[in-house]
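Novice: What follows is each chain in one-letter form.
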Amino acid sequence: MDVILLQLLNGLDKGGAYALIALGLTLIFGTLGVVNFAHGALFMLGAFCAVSLSAFMGLEKVTIDETQMTAWGTPLEVRTPYIVDWFGSAGEFMLDFSVPLSILLAIPVMLLVGLIMERGLIKHFYKRAHADQILVTFGLAIVLQELVKAQFGANPLPQPAPETLSGAADIGMALGFDPHTVVYPYWRLVYFAFAAVVIAAVFAFLQFTTFGMVVRAGMADRETVGLLGIDIDRRFTIVFGIAAVVAGLAGVMYTPILPPDYHMGMDFLVLSFVVVVVGGMGSLGGAVLAGFLLGILQSFASMNEIKSILPGIDQIIIYLVAIVILLLRPRGLLGRKGVMET
Amino acid sequence: MSTFSINRRGLLKGSAALGAGIAAPTIFPSYAWAASYTNEPTGSSVTLGFNVPQTGAYADEGADELRAYQLAVKHLNGEGDGGMLSTFSSKVLKGNGILGKKVEYVTGDTQTKSDAARASAKRMIQKDGAIMITGGSSSGVAIAVQGLCQEEGVIFMAGLTHSNDTTGKDCRANGFRHFFNTEMSGAALAPVLKNAYGTDRIAYHLTADYTWGWSQEGSIKKYTEQLGWQTAAAVRTPLGAGDFSQYLTPVLNSGADVLVLNHYGKDMVNSLTQAVQFGMRDKQVNGKDFAIVVPLYSRLMAQGAGENVKGIFGSTNWHWSLQDEGSKAFVKSFGQEYGFPPSQAAHTTYCQAILYADAVERAGSFRPSAVGAALEDFEFDGLGNGPTLYRGFDHQCFKDVLVVKGKENPTSKFDVLEVVEVTPRAQVEYGTDLLGCNKGPFNDGA
Chain P
1 MDVILLQLLN GLDKGGAYAL IALGLTLIFG TLGVVNFAHG ALFMLGAFCA VSLSAFMGLE
61 KVTIDETQMT AWGTPLEVRT PYIVDWFGSA GEFMLDFSVP LSILLAIPVM LLVGLIMERG
121 LIKHFYKRAH ADQILVTFGL AIVLQELVKA QFGANPLPQP APETLSGAAD IGMALGFDPH
181 TVVYPYWRLV YFAFAAVVIA AVFAFLQFTT FGMVVRAGMA DRETVGLLGI DIDRRFTIVF
241 GIAAVVAGLA GVMYTPILPP DYHMGMDFLV LSFVVVVVGG MGSLGGAVLA GFLLGILQSF
301 ASMNEIKSIL PGIDQIIIYL VAIVILLLRP RGLLGRKGVM ET
Chain Z
1 MSTFSINRRG LLKGSAALGA GIAAPTIFPS YAWAASYTNE PTGSSVTLGF NVPQTGAYAD
61 EGADELRAYQ LAVKHLNGEG DGGMLSTFSS KVLKGNGILG KKVEYVTGDT QTKSDAARAS
121 AKRMIQKDGA IMITGGSSSG VAIAVQGLCQ EEGVIFMAGL THSNDTTGKD CRANGFRHFF
181 NTEMSGAALA PVLKNAYGTD RIAYHLTADY TWGWSQEGSI KKYTEQLGWQ TAAAVRTPLG
241 AGDFSQYLTP VLNSGADVLV LNHYGKDMVN SLTQAVQFGM RDKQVNGKDF AIVVPLYSRL
301 MAQGAGENVK GIFGSTNWHW SLQDEGSKAF VKSFGQEYGF PPSQAAHTTY CQAILYADAV
361 ERAGSFRPSA VGAALEDFEF DGLGNGPTLY RGFDHQCFKD VLVVKGKENP TSKFDVLEVV
421 EVTPRAQVEY GTDLLGCNKG PFNDGA
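If you read the protein sequences in the order shown, they are chains P and Z.
Letter 199 of the first sequence, counting from 1, is numbered 199 in our numbering, and no numbers are missing.
Letter 309 of the second sequence, counting from 1, is numbered 309 in our numbering, and no numbers are missing.
Honestly, I wouldn't trust all of these hints.
[Claimed, not checked] Mimicking DSSO-like on lysine-lysine, the simulated pairs with C-alpha atoms at most 30 Å apart in a straight line are: (1) P:K307 - Z:K288; (2) P:K123 - P:K149; (3) Z:K122 - P:K149.
Worth flagging that the hints you see were computed from the coordinates, not collected in a lab.
The structure displayed is predicted, hence computed values, not measured ones.
Isolated chain Z (complex conformation) (with noise of 0.2 Å):
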């Protein structure tokens, strides 16, 4: 019989092999190809990870997404009618591949989760060989594969998400937004909300309890209590609650005349609903008519809501209803494709992937630090935002915000939004000191 004891000797030895053995893929890489980057692609063809929720309360979402880099990609290979590609400021792209290399590309399936994001995008990177990882589709998640992606030397390209930490203080060298933020939400739509409402209102906010709840509380509160606005509460409430009543009729007796809701996809149509359940669009408070606002819009939120949404306000990053030649030629693409209009989570998907090759094709290298210094303070236009700026301090994109509201009269049930007002992008760019971005030199990996 044997007896199994540790003895000092034996685990300082053990310790020693256990620590080289864990240190040694990290060592032995850098030394020895020191000159290449991670993933470097050798053959004919190049590989990009789509990282998008396929399941969870975002799923619809992420299927949007995914058509649209499907899209992209066919417009790269140089099949279909090439959407923006003809609109787009940039003119090196020529519709065959990356530098020549056919795009190809790899899914995974994040599941609104930041856990299984990352263990995706890491399988995509480290098995499937994947040079860019895009996608998103919440806040969270978008922070959680921004940072994974700065570790492992590979472009992030921020899908939707909207908090404004993602290029604020969680931003990476590595990674870049085309979307907008809670910050430029809050500055479109301050004097829309001014002209509709006046300047003596009191507001009651609904939150989802993450950081892009909070970071669009804060941000709204700030432009709206400039305006002269009151915050009456912020009340937090669980992601994916269902009934929202609990948190509703407090409001009813609170004094308040505004209700702010925080909340995105299942959430909002769950909440917004409920709320006009109580009666809440019908309601005068302070001789005033209560008003509703749901800062971030999305058209397919505003679908699952239905009726509610009529002449509520809210602010988008695009809209398919756009007359720009860009907006135009993308509708048509992905019309044509599918059969329906595309959202802004589709629009800003395509946009990266777009804006990657061209990057890449005009730095001449996948080389994430070459790329990326080809992104930095990029001037474009033609992608239906109009002109926009690739900012090089926190790799945040500025152009145009769109405020829109619930239509009337929807005249099918793709057309619930109208644009009210297009707030030019000088109305919301913010200094580089306001979000506390640090982003550090860009890791090239391997």
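Bound conformation, chain P alone (with noise of 0.2 Å):
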């Protein structure tokens, strides 16, 4: 029981984040119709957010102490953060919420790349066919991969999570089981809440919204709200916008799960894809439920029992249950008929 509960757990997590990435693939598509094949590397650049912002806030100041000496014959170099020491002890606390600090910055940033990307490439597309836009946004992922390996390197760069949410919740002693059974890192927990707060907060604007109406309505008969006099393609344009800020916020608040480098978006969208197959193209709740779902049948497909009868099942079990959910159900679970179909 205790097993099977902090696998639910795993799932939970890993599944907010293709839940979050698969949310703004499905949004984009449902409204400008475009496979966006960049969104990984989206998701990437939000990790690479809190990158930037932590190694911004660490740069530190150089004195160099002549005592001392490297092995190699050079003086000692002797580095503190200027943001330590300007702000003292605010500043170590600034430091150590770097990762969380980064929300702010990625948001911004974030809007303002999917703002660029539509404009500058992605508007030129619409009337071509998917298979050019999976190709031109395809290589586009790999543009800003390669442009973030040129600056960061190609190893993994750590961000930790705050030192008080470093540790991790005896989540089994408040439902009763033995301690230290079933134990779940804090960040995780956040992960999970953070992502939730997130869809609901996409979902709020979009149900809530005079925007969020319009662009539904868009989604569901461009021509029609265009007739109207209202100029949608300028709001779709935001709606990339969002689309974008969702990915990079799951990316940077991935960094202390999942050092980041310049693969981990890659790594992260096709497993997307299949989620937004999955959960039925154009339908943004299909879309979170899909990502739930495959995230923990993925965690349970990774325990002993499991592997032991059937070897490798973790690795195929996501797109063995895409197979299935589209022989049963083509349009996928929440798939609206007519989408893609004509």
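Two chains, each in its own frame: build the complex with the hints.
Specialist: Printed below as a string of structure tokens:
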């Protein structure tokens, strides 16, 4: 029982990341009709917003200590971060909380990146075949990756969670299990809660604001909304920016779980596409549902008890489930009729 | 209108012509140039091929290997301070290149993939005329390139490769390895683990699912079980899994009190970081403090994992804090050139380049069989690992092995590991029958 609970928790934080990326993908597909293969790269860029901020805040004052020597015979350099030098303990607090603080940086940066991407490149591909859109966005993803690699190197760059959140919570105790049987890192619980909040915020935005209403109307029938005198293209551009922000935030908060490197976006992209297809193309609820579902299934499939019967099942479970669901429900779990069918 | 048809006679003629065409390049050169060997240097220079991962998960290690090769070339050509040439026990290298020929080099990108590594090595041999290929940073790559070099008839000086198989069941006459292997890691680590954690422990292995991971899992299991430890489970994880949480959670309730991470590079950074997040360093199981072991450590990896490596044991081929004359000379030379200390990957590749050049000088020829014979059973010292033997039987170097621990109070960002024991060579030596090497004869190619 405790093992099952643990794997369920595991599935929830991973599912949270899948759901956030898939949500953005579906938003873009539903509004602009574009299959965005650069969405994983946006996730990665978000993560590197966190890396950049912590690198910036970690800029150090270098003083040379002539009394000590390095092993290769040059004077030792003593380094203290400027931010600690200037603000003392407040500076240390900011350094410690650099990942959550990065959210403030990531929102404007990712919005800008999203708008530039849409206006600068993707808008020229609306009228072209899906294959062209896939090629150009995939190419863009490679360019972004290589830029990040050139700047930050190929090795993963770990970003620690704040000191107070770096331990693990003994959830089992609260639920009446023995101590130390069901422990789960605080940060992963934070991530799950964060994902839930962001998803709720996106849904609320689309459901309860006039802007969201227009966007939903545009998703249902773009032409009619246009005929009513509404500039739907401009709104869709903003939706693209929002999707980029959602992916970016997913990346920022994921950095303490997985040390970011330039390639992390690709690893998530493929799975997120499966998530979108299983959830149903164009269905926001489906993307979220499928995200959590596949995250949890993947977790369970890597349990020893299951791997000993079906070795390697953890590698293919997602695709296996995708095949079964598509055979039984060709439009995905919550897919609507008519999406990508004409 | 013409129709295209095939009859039996036409097919036979065509096949014969095609067969002769394919066979020609392999038949003719071997008769026409029987006295010669592949890429025999005729001009005033000689070309070496450096095949390292310049992209992919091991790119940072590859970059350090390349820096070391470039430094070695400088020293061989008599530029710079000479590094370990001055401490090396063999004194035939004079800083005038190799056999008086200026050393030049070409580089290839292995991308940490066997097929890409073979392609770039092939290009360097056939197009650039490289007389020797060296490099690595993955056992899968090293074994693939070693096989190619055997076929092509050039010497392969393996870089960072740790699987037993490189000089075990996949050994080749033309291949030589300076780096240690998982068998030696196991033999060196076991006594230290016994002192630190006792003989009554239950280990849980997470293993990278390829030749090196299997090899290390086998060796560590063998030696820890000899101590009396039990193995709760050994779970294979896909290379580059990224998030290891679903493999780590079963550890918590398995009854195991030691986690052995048979991961390298990016995988090790991720799995260790996540294990620490799951509270495994603060945990108590069976009344004992839970322990994590990383059998193959590297300073670059430890830097990547940051705070999480503190107090964790592992083994390494070489470390820049060593105080023998060879290590000091190398750290000085490398540090002054690049501003930071060399990694173990840089050290082993520098040594391999020097050892090759020295063997050519002593053999008086670049012919692979002559160079190989000069390397076989060669005893040397002054390259940072103490007295070392290049065993003739399987072309494996035998030398002291370092057991290291993540440092509790690092003084700089490079100072992340401390050497807790230098395991003497005698303790890590093994018989020739253990790993099943059957290397066959040298191939001079051409």
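Novice: Identify every previously stated hint that the structure contradicts and give their numbers, smallest first.
Specialist: Those not satisfied: there are none.
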